[in-house]
Amino acid sequence: MTVVPDTPAPPFRLPRPIRLIGGTALSLAITILGLLLVTFIIGRVVPIDPVLAIIGERATTEQYEATRIALGLDEPMWKQFAIYVGDAVQGDLGQSLRTRREVSEDIIRYFPATLELATIATLFGVLVGVPAGVLAATRPGTWVDQIVRIVGLMGYSMPVFWLGLLALLIFYGILGWVGGPGRLDAGFSMMFELDVPQRTGMILIDTALAGEWAMFRNALSHIVLPSAVLGYTSMAYISRMTRSFMMNELGQEYITTARVKGMPEWRVVWVHALKNVMVPLITVIALSYAYLLEGSVLTETIFAWPGLGSYITDALFAADMPAVLGGTVVVGVVFVTLNMASDLLYRLVDPRAR
Amino acid sequence: MSFDLPFRRSTALVLASLLAGAAPAALMAQTPEDTLVIADAIDDIVSIDPHEAFEFSGTDLVNNTYDSLVELDPTRPGELVPGLAESWDVAEDGVTYTFKIRPDVSFASGNPLRAEDAAWSLQRVVKLNKAPAFILTQFGFTPENVEEMITFDGDTVTMKTDKPYAPTFVYNCLTAAVGAIVDKETVMANEVDGDMGNAWLKTNTAGTGAYVLRSYKPSDSYILEAREGHWRGDAKLRRVFMRHIPEGATNRLLLERGDIDISREVTSVDIEGMEGNADIRVETDLAGYIYYVSANQKNEALANPKVLEAMRWAIDYQGMTESFLKGEQTVHQAFLPRGYLGSIDETPYSLDIEKAKALLAESGVTLPLEIKMSVRNSQNRTDMAQSVQNTFAQAGINLTLSIGEGAEVLGEYRARQHDLTLQSWGPDYPDPHTNASTFALNADNSDEANLTGSLAWRNAYDPGELMALTEAAVIERDADKRRALYEEIQRKHRDTSPFIAMFQENNRTAMRSNVQNFYTGGTVDQATYWLVEK
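These protein sequence lines map, in sequence, to chains C and E.
The first sequence begins at 1 in full-length UniProt numbering and counts up one residue at a time.
The second sequence begins at 1 in full-length UniProt numbering and counts up one residue at a time.
In short, the hints are calculated from the structure, not lab data.
Glycine included, C-beta positions come from ideal geometry on N, C-alpha and C.
Computed far set for chain E versus chain C, every beta-carbon distance over 12 Å:
#1 V70
#2 D104
#3 N145
#4 A189
#5 V192
#6 V331
#7 D345
#8 E370
#9 M467
Here are some of the chain E residues that sit facing chain C, going by a computed Cβ distance under 10 Å:
#10 Q30
#11 T31
#12 V46
#13 K217
#14 P218
#15 P246
#16 A249
#17 T250
#18 D259
#19 T452
If we strip away everything but chain E, and leave its shape as in the complex, we get (with noise of 0.2 Å):
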């Protein structure tokens, strides 16, 4: 029939255009040379300003696009090099603090780098008092006294503090995103009713760093570029484009494909699928999130020593490690995240259900011990969970989970109204103090002083001991007796306290085999581009 034509005709037009479309695809598969092309998903960034960024992905940004004073070796974890401050050193009364600025640096507007930029940007930080302010007002600054405790004079800068700190921990602090200096000049020039520049550092950067945003998207990407002449050494790569790709499917498509270069969002499954690919590499490396089961100490049986060593040899830490969490956990049993100062990788404990059962017995509770345990609805915590439901009914405890949002959960947590519950933890800052204050200081153990922030307070656990030694640690000025003074907490902690460190969590970056010198920062989660070859 006719009317056969028009149709074929319509048909041979759509596909002609999809054709068309379709073309170039191929000619544009690789990436740009001179770019490197991340997926990850930023949707968490709150704000790039250094001095309010408190989010993974923000303060990656932050941490190529600003510099501090005083920083991390990204190729060697942990160790303290200098950053826009050549020398550094604490006074014999243990609370002034003298940086010296390095010459000759200038910030991406040209503008020459000051001894007043570094101690206004710290200003700032207390002034400001966001997000991450606490790293630095820990130290005794407010926004009254912040003017006379950190000053300037001439290439100096001095901070005093408000009582003698381990210095290691003040260094520590500052090489945290919020010690970021800016461009004074700059910054107050795109002030806006007394934000001291915020607003305009919610989507500016005004830093000394390797990399200079270009353009930034939120929840999409963001581009930077690298600056001629940093005082540290070009960045080797051009350009940097970061693409807000969260599922992990698709990223492992990109990847295989040559679309991006490097993936940090690739789940098991994929890494599985891509094994015995030449062309992607997947590196694994230590992050700082420390999984945990802890038991409110309100509970009488759980407050009870022998059901808290028996539970500990009732969780099959190897066999999880070995089984749904490949590659994603590993076993570790201190509140400090290894990488850490005083960090510790002894694991004393492995399933044992003879052991659990006979420590039951002895502790006199009514057994079989009924218990239920709050969990956050997500899959490895569910399977985690399940698996220590499973031993713990071997030994005598019967689990019930109650499984629920990640706010539920949480909003019952700081409430203390759980039995057990399986949580993490991650750092805030690059110092031990910032594990041990929570897990072992709780100034007040009673319901009506509601430290929230405390996770000893939480589980109603009184740290006894454990609290002199913890704020001894933190003024000891010897770095190598304060290593000693966090393993002995740790050591006791592990045996002694109602928290149940099970796991460290894994970063695994997928990468294209010809990419180089990717540093995820580990523990400290800053991610450095400027060593990035391919």
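Just chain C, same shape as in the assembly (with noise of 0.2 Å):
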């Protein structure tokens, strides 16, 4: 009688897709503690007493001394960086030390209106940079790449702060063709404010929902400007690239094959090579729209966008340390989900990076 070998059992695995995610939050996380370190490090040494920030200039000595113990700087450093982790990780970012309200709080309101700018700019940058990347990349060397690569030079090398007002005095100031500075015009921002549901934060959505729509148009003509100076640099970033990445797909074979089969060029670019170019342009646009994310401070301020650019500038300057950092860690974790995201999209997308 033959023995039929026990097979032995194959290990146990999860799902290739759950691995994937698996660990992809895994070192999210590690990524997230070690952002989190970095800014405990610099809200300690920064030459700033988050006490005196507080109570400021006309306290008495003991009102110092209860401060101090009330923000737990009496304990250990270890501690105080256990806590400080603990506290972000429940998305408690601490006080503010000018407003006195949570910062998580505060960049709750201020969120929608960066995501908003940030969303329209990389809409901007993808309509116009891909497009005109494909356009560079099928004629090399002819007056149309020229134009491309130096207005995508221009979008690199021009300050944003310079761009930004320059921008502002000739198109609102001077030529009057698109809303000033602010998400509104004051008559339609008092009734946003009064009459129409904020549902979202993000000014066109809750405008369209509410079916106000002269409202909707008065937003829209407020934000062409920032986001158009916000998508210009991104708009330079994707050009470039989607120029090069077409270039290379353009000499593959299949492409020849695809030509002497006869199809037409208009197929082969926009269909065959752009999907294939794609797969790593989807990184390339995952990370400039977590740049603009982070990225719109000077465009917020000069064109006085309540968001998180705003809100961390402001902070800045009054030596709120607290809110500085909880917008920085909030700016990173962002970034580094968008960054994750794209990773994984680009590993689903394209069967040669399994």
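Need the complex rebuilt from these two chains, each delivered in its own frame; the hints are there to steer you.
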């Protein structure tokens, strides 16, 4: 009698997508812990006395000591860090020194304006940048390519502060084509505050949901300029990357095959080649989106845009470290998350990366 | 090639959508006729509860939504006028004040104003004990005794102080934002955990003021709406819309386009740029801030009176206000801001290098004198410090500038670790005692006393005879004698103390030329919206 040996049971393995997501979540957690450590250290080494910043010039010594203890600053460093991490994980980023409000509450109120601006800016960057990059790649060395390159270079090299002010001066100050700084004109702004239910905090969405179309158009006229200024930089980046990916792709054999088989050129470029280019482009777009969420600080200041960037800038000028660091943590988390998401997407979409 | 087409189409689409959005902008360029639109930096607001608010923007809001028993006439600085009390009096004993409440006044809720509301509001200040509470508690009120010290009967509120004070001192303190009268019933209906409605009043108003708060978004905007039938007469404009816009260049663009009526955040550069624009007017009035240099008396050389006098003659006051401080600061050489009871306008000191050199030679210190000066890192302060450094060097004092972040410089100052420091000071309430008590009072000059709230202590300065004079001034019942006392104190302080007062700051407000009657409150910093017309 032959004994069929037991085949060893295959080791238990989680399904692939779950493993992928689990691994990503772990590295996300480690990165965020590192981020918290950095912001914690910055908060402790800056030569700003948080106690003095809260109680102000007039306070007595007793008030000083009481506040110091209330802030937990008499505890050992490691314990302070443990408390900081514990609070941050629960969404408690501390209290703003300036306004005495919870930093997390402030951020929830400011973030939608930034999200709205960065989203429109990224749309602008993609809708203009990708076609411009494709165009340049299909006609390398021609005047079209040169123009795309020069416009792109300008986008890289011009300081956004200067570009924003110049754009405001020309399109708002002189020509009056667009709305000015702020998210709405004064009249509409008051109507929005008093009469429109603020469901998302994003004015374009809230006014559309309420059917306030005049207000919607006004909001659009206000967001056009800052999002174009903001989107210009990412447009420059996206168009350069698209061009180089596309050049690479157009040299592939399957493109030659398609052309030999008589496929129309627009189909070769816009369907076959672009589809493959889209894979690495996802990473580029996600990164520039994340960059806009954090890089809008100056644009928001100039355009009086009540977003996270303005919030961090105002806090910085007031030496309000909990607010600055809280904002930094949120931006950092968004950046890391978007980065990981694009990584995940990339691996799921592209079979070669599996 | 054929793929040109979709690209052109998408470009056209983007352009079209941009233009569609842009079109209505031109139509709404003016501010609404019945609304005053103001741009200011309002992110300093911690609370709009009048008994907690202690920042410029917060007290502006309080001034327009609440009233006090006694008020300052916004059109005539320093002049006391009846508010919610139609008359008031102080008894012969010098400690019993009575206020007769104005009849037929109502709160925004519709509740009638009663003497009970007034007494309760002042008690609430003491019981809450927030930042500005000391303005009232300095009269001897404590959470334990305040219910006996401040009482009401019929239409009269009675207030007893712990000892006799100058009546003008008491009245002036009641005009501060902390003296605002709140609607007891409404506030207590919103009490949470015994907070006397504090949490609710951080985002709501419950006063008798000319305006009612309709919407408040911290660090973003607030909207006020005028009340009908206000006892002072109705506000001229129905609404006030305050927008938080801190950037100077942005303020200027909005003002030039007519999208705001008033900007309180324009810089010198912007003001220069708007010169000759017939649509814009810039109004200047004096703010309460005094800029000064002070010398730590623990430093032997700096305690030498001849050295101090030499320094007074080695600063180019005039040169600075005529160049980089033009329009921003006015030369002022006394610790009380102009506009306060007892303030003096004299400016006896000016740049005289020879005199300074002679005084330094007489002083017996080793020359050149090497001294450090701590300065806060902001443009106008570092500019001032560099000018002082330059003229001091000509006289024989080598200044090293130590430039640091605000809280850092302040920390050093409070620990008495500076040599020289360039600082500013703003009054806490509209009475001369606010500055006199910090510049000229130092109850105990020892390090252990740690009287960090006193500027005299921070500089290890013993004011000597000025202490007695300051104590006398705060209880002097005759207003004229009181004024004379402050004048005397300031002159002596100016010539003998280690403080060198240099400038008083200006408020500069840029507005559309059709805007009339906007008062910033000047040195008191309580802006008045209800008189504005456009």
